[in-house]
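Novice: Spelled out from the first residue to the last, the chains are:
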Amino acid sequence: MKKNKFIVKSNRLLAKYTYEMELKGDISSIKRPGQFIHIELDGFFLRRPISICDWTASSLTIVYKAVGRGTEYMAGLAEGAELEALVGLGNGFDTQKSGEKPLLIGGGAGIPPLYALTRKLLENGKKVTVVLGFNSADEAFYISKFTTLGANVIITTADGSLGVRGLVTDAMDGLDYSYTYACGPEPMLKAVYDKALTDGQYSFEERMGCGIGVCMGCVYRSKTGYKRICKDGPVLEKEEILWQT
Amino acid sequence: MKKNKFIVKSNRLLAKYTYEMELKGDISSIKRPGQFIHIELDGFFLRRPISICDWTASSLTIVYKAVGRGTEYMAGLAEGAELEALVGLGNGFDTQKSGEKPLLIGGGAGIPPLYALTRKLLENGKKVTVVLGFNSADEAFYISKFTTLGANVIITTADGSLGVRGLVTDAMDGLDYSYTYACGPEPMLKAVYDKALTDGQYSFEERMGCGIGVCMGCVYRSKTGYKRICKDGPVLEKEEILWQT
Amino acid sequence: MADLSVNLSGLHISNPIIPASGTFGFGHEFAGFYDINILGSFSFKGTTREPRFGNPAPRIAEASAGMLNAIGLQNPGIDRVISEELPRLRQVFSKPVIANISGFSLEEYAYCCERIDKEEQVGIIEVNISCPNVRDGGMSFGTTPESAAAVTRAVKAVTTKPVYMKLSPNVTDIAEIAAACEEAGADGISLINTLTGMRIDLKSRKPVLSNITGGLSGPAVFPIALRMVWEVYEAVSIPIIGMGGVSTADDVIEMMLAGAAAVGVGAANIRDPFASKKIIESLPDSMERLGISRLADIIGGAH
Amino acid sequence: MADLSVNLSGLHISNPIIPASGTFGFGHEFAGFYDINILGSFSFKGTTREPRFGNPAPRIAEASAGMLNAIGLQNPGIDRVISEELPRLRQVFSKPVIANISGFSLEEYAYCCERIDKEEQVGIIEVNISCPNVRDGGMSFGTTPESAAAVTRAVKAVTTKPVYMKLSPNVTDIAEIAAACEEAGADGISLINTLTGMRIDLKSRKPVLSNITGGLSGPAVFPIALRMVWEVYEAVSIPIIGMGGVSTADDVIEMMLAGAAAVGVGAANIRDPFASKKIIESLPDSMERLGISRLADIIGGAH
Ligand SMILES: Cc1cc2nc3c(=O)[nH]c(=O)nc-3n(C[C@H](O)[C@H](O)[C@H](O)COP(=O)(O)OP(=O)(O)OC[C@H]3O[C@@H](n4cnc5c(N)ncnc54)[C@H](O)[C@@H]3O)c2cc1C
Ligand SMILES: Cc1cc2nc3c(=O)[nH]c(=O)nc-3n(C[C@H](O)[C@H](O)[C@H](O)COP(=O)(O)OP(=O)(O)OC[C@H]3O[C@@H](n4cnc5c(N)ncnc54)[C@H](O)[C@@H]3O)c2cc1C
Ligand SMILES: Cc1cc2nc3c(=O)[nH]c(=O)nc-3n(C[C@H](O)[C@H](O)[C@H](O)COP(=O)(O)O)c2cc1C
Ligand SMILES: Cc1cc2nc3c(=O)[nH]c(=O)nc-3n(C[C@H](O)[C@H](O)[C@H](O)COP(=O)(O)O)c2cc1C
Ligand code: FES
Ligand code: FES
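Chains as they are written, first to last, in my numbering: chain A, 975 to 1219; chain B, 975 to 1219; chain C, 42 to 344; chain D, 42 to 344.
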């Protein structure tokens, strides 16, 4: 974990409600795809946790949906604006476990961390299949970016306006995969969990205070004990997950 | 009263702690010198009351001292910044009462409203004497501006580093004047009040809520009843003043 | 079309927005800024039997997301409110107004309420029981169920208008006090008044307010106000005017979901004289975004 | 050179900054960020007899200039605090620590204090009496002078370390409760704990927190905390650890002028893990600007 100042290099609308922001600054504390940053916003008491979508030597990218006052404020930031963030939080995905043909499943705002994960797995010589689920075509983003990386990309939309009509799980039938990585809203994670044929890692969200494992604000009761989503997560092993509802 | 958006045209250091800011916007509600604006600042709940120093057809100038968090924030605003303010508040000075040889006495942050007052009185053909009191030379401002207008300017500094050593009252002896206008810290106003040989108007400060006469936050007990400094003031007639301490 | 109307003890108002007592003067002060008939109603400045000057200045201090006031109930007294303020109000406001009454003894509360009862333009009497109870050693009438009930009974005996008891948040159990008021005959509950706070000036090393302490209000108190409205909603079945920190249309909806039938706006008017107008104008948008067609339907909806 | 040291019941600390219980874990979590020996001391997470998981998530909500938490006293229990947390702390912190103890019965308070009394690294025991008193129908121990005094007596009987009673602000008269603690033998008073508040999610129309209500803290509560420290300072002569909304060096000075001998920093650590460090580092500048050479001299200076 490091606390750093970042400069907004770009901030653009990608799809309905969805923005991509590139932040220039010290990214040396990022260790794995699936980690997140905790962003301080002027006028808001709590920071906002957002997954790291990808990073280079001197910048990182986030993709976020404007769903409330904080993310709407972010959407309004112009190039050159300064942001302060805690970087390299959380455990992230373990790429060692992927096997040869990992399946990555993402829904909506859960898709961004899968981008760097895809890149890493491809760099490791794996054959990567990605299922990206959206509500409709106008909310879809990053499809060609995943394709360009070299992944086999399958799209689903709830209204059928793009790709397979239905949920991400409707695209899982018949796929041949060695391991499952998933990130998205909890009902999606549960559906994937129920359907997945392999072990896997699932990335969770929880309302956060500190983001660094101190306040116990984000605790999750797992099969193996209490996990802080911000520090012991956000990525949990399939066998640890205990559905709370 | 009007509520308007203003653009910072310039904001510069005039003297130690003292800044001059020019604001572009609708100034049509300004009626008299000695009125003030009530400025909304990002991140501060209450507005800040600052006297109008002068105005043109499309802009107004304020001169303010950075004495706390709000005025320090103002000092940091760059050209182009937007501010929202209530404009044309308070009664202001009555130039009709000046007689032919008005004496204007200002101390420190009380000097700014005397600038437009001087200009108006000179426009009305009066012979204006201005006594400007500062702590020391490095806090002095606007001297040449008052001189350029055509006023007879006398300077006092507490440490004697410029002009007469002492307080503004030390410069009052022997002056020939028809009326007194004063603005500055309360002990100065009291000293001027005690020494002045004529009727006069004195401009007061009080901590404010609304600034528009509604909350009773700024009330002053005068000889003729309760006055709201923001609405019935900030300028009080000499005969109304009741020293509270 | 969005339906913003709500009903307070038989008083139908076109929207739930009620500028709170002490932040809207006697109304006419705002009439120069906008047509105040757009308001649901408003509560006028706390009025006592005798005219009061209130506390010496400074009376105002700033806080994070809020402000402190120690006005000390400055008001012209009930006689002049009736003879001067209400006639002046009638010229700019055609709706029923809420009369906020304060006092330092049961007799004073009863006297003022009896006088105001005869005023046609008064729709509701809001009885502020946060003032110190002179006889009971200065603790406020609003700090025990017994004294709150005693004031309620005293005023209910002398008026036929709906009586809303305005509660202080500076108590251990506000629901218990609200329940005592209901049992004593109150027609509704207004809450919250301000939370007692203070600031110290670092240069002079003395309290900023001449009165030492003052009442905190503004967005800072919103979560506390919301919790108290929630608790009182669970404890009583009379309508609640919820207030404390409301400054946006979303805040209004949150307050109503907690149980408020109408919503007071206080400090926001001090910060921005157009605040109540802005809130009313943006309510339909917030309602649409949240799928609300009739505002009255959501009262207490989060329980 | 500026002298920042203060004295809490014989415990001399190098500066008044004490990260507040629940916002600094058991200390070692922060040791990776900075050398925590720069702190005056810190109060560790509220510890109970049994391990507790606390409330279900969500446990955190945002507020204007503050936050709500409903952690529900999650902690590993006194046994593991003594066997694991304190030894781990010893490796990174060479100063006495403040042990924050919670309980749901007098016996539980006494048990935990007796256990912790034997721990050399514990300098002060801070007894949090905001938890619901299971026997008294759920009202917290901190809401009446009698129950607060009872807890004080129970823990004083089993420890020789200084005992600071940590008071809840959700009461009508906090000074009365502080005075009862002093009379029952308390060595100091810590205040304030969080103010009960809530938020409602507008989309789901349900409370944000699974526990419905939570504790509000952060800058929003500062004026209330300051007022309560002021009132308690007038009521007792034992030292006060003042807290509630402190986030800058100036806030620390304001809190000490109101009567605090040392100052707790809570929510500010949640917002920024480096907050306490920043405050300590900027205290000398603030002191110089305000002409303070010995911080201990200004305690209660505004009275
Ligand atoms: C580990 C992690 C990674 C995330 N990565 C992404 C991402 O890459 N892209 C993206 O669009 N979103 C992501 N989110 C969700 C994102 O944090 C929320 O959408 C955001 O905090 C909402 O803030 P707001 O002010 O707009 O909403 P508001 O509802 O106004 O926020 C109020 C409070 O609730 C919290 N909150 C609201 N929704 C969530 C949520 N879903 N999860 C956690 N806290 C929430 C906010 O942080 C804030 O404290 C992630 C969340 C977590 C926990
Ligand atoms: C009618 C009027 C005209 C004024 N004109 C000028 C001017 O032309 N130039 C100038 O430098 N100053 C002027 N002042 C004083 C100016 O308002 C204060 O210096 C300023 O509000 C301080 O704000 P702050 O945030 O820096 O200080 P802080 O001390 O942080 O402010 C805290 C609170 O106290 C209030 N406050 C603090 N000092 C004063 C004060 N002296 N008067 C009123 N409120 C105060 C602030 O507005 C704020 O609400 C005027 C005041 C009034 C009432
Ligand atoms: C300047 C000021 C004056 C007030 N005067 C009164 C009053 O006379 N009577 C009363 O019942 N409440 C009074 N209040 C309390 C408000 O009506 C309201 O209950 C409280 O401020 C909480 O709402 P807010 O957070 O929106 O301000 C006053 C509040 C302020 C800020
Ligand atoms: C996340 C969180 C957890 C807390 N846990 C405890 C606790 O276990 N014991 C306790 O006495 N106080 C606890 N508190 C209260 C703080 O110690 C402190 O009294 C309060 O937050 C006010 O200070 P602040 O405004 O600086 O946060 C907690 C506060 C927060 C924000
Ligand atoms: S957010 Fe504080 S422990 Fe996870
Ligand atoms: S500041 Fe509100 S009446 Fe003057």
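Think of the hints as simulated: they come from the structure by calculation, not from any bench. Just so we're clear, the structure is a prediction, and the values are computed from it rather than from any experiment. Treat the hints with care, since some could be wrong.
[Claimed, not checked] To give an idea of the chain A side of the interface with chain D (calculated C-beta under 10 Å), a few residues:
1. G1044
2. Y1047
3. R1181
4. C1184
5. V1193
6. K1205
[As the list claims (entries may be wrong)] Restricting the straight-line Cα-Cα distance to at most 30 Å, the calculated cross-link-like pairs of lysine-lysine (BS3-like) are:
7. C/K244 to B/K976
8. C/K136 to C/K319
9. C/K136 to B/K1205
10. D/K247 to A/K1071
11. D/K319 to C/K318
12. B/K1005 to B/K1212
13. A/K1212 to A/K1005
14. D/K319 to A/K1197
15. B/K990 to C/K244
16. B/K983 to A/K983
17. B/K1039 to D/K319
18. C/K319 to D/K244
19. A/K998 to D/K318
20. C/K159 to B/K977
[Stated by the list, open to error] So these bits of chain D aren't anywhere near chain A, every CB distance computed over 12 Å:
21. S46
22. H53
23. S55
24. E70
25. L109
26. P128
27. D242
28. G342
Using N, Cα and C, we set each Cβ at its ideal position, and we do this for glycine too.
Novice: Could you check the structure against the hints above and give me the numbers of any it violates, in ascending order?
Specialist: 2, 7, 10, 11, 14, 20, 24, 25 and 27
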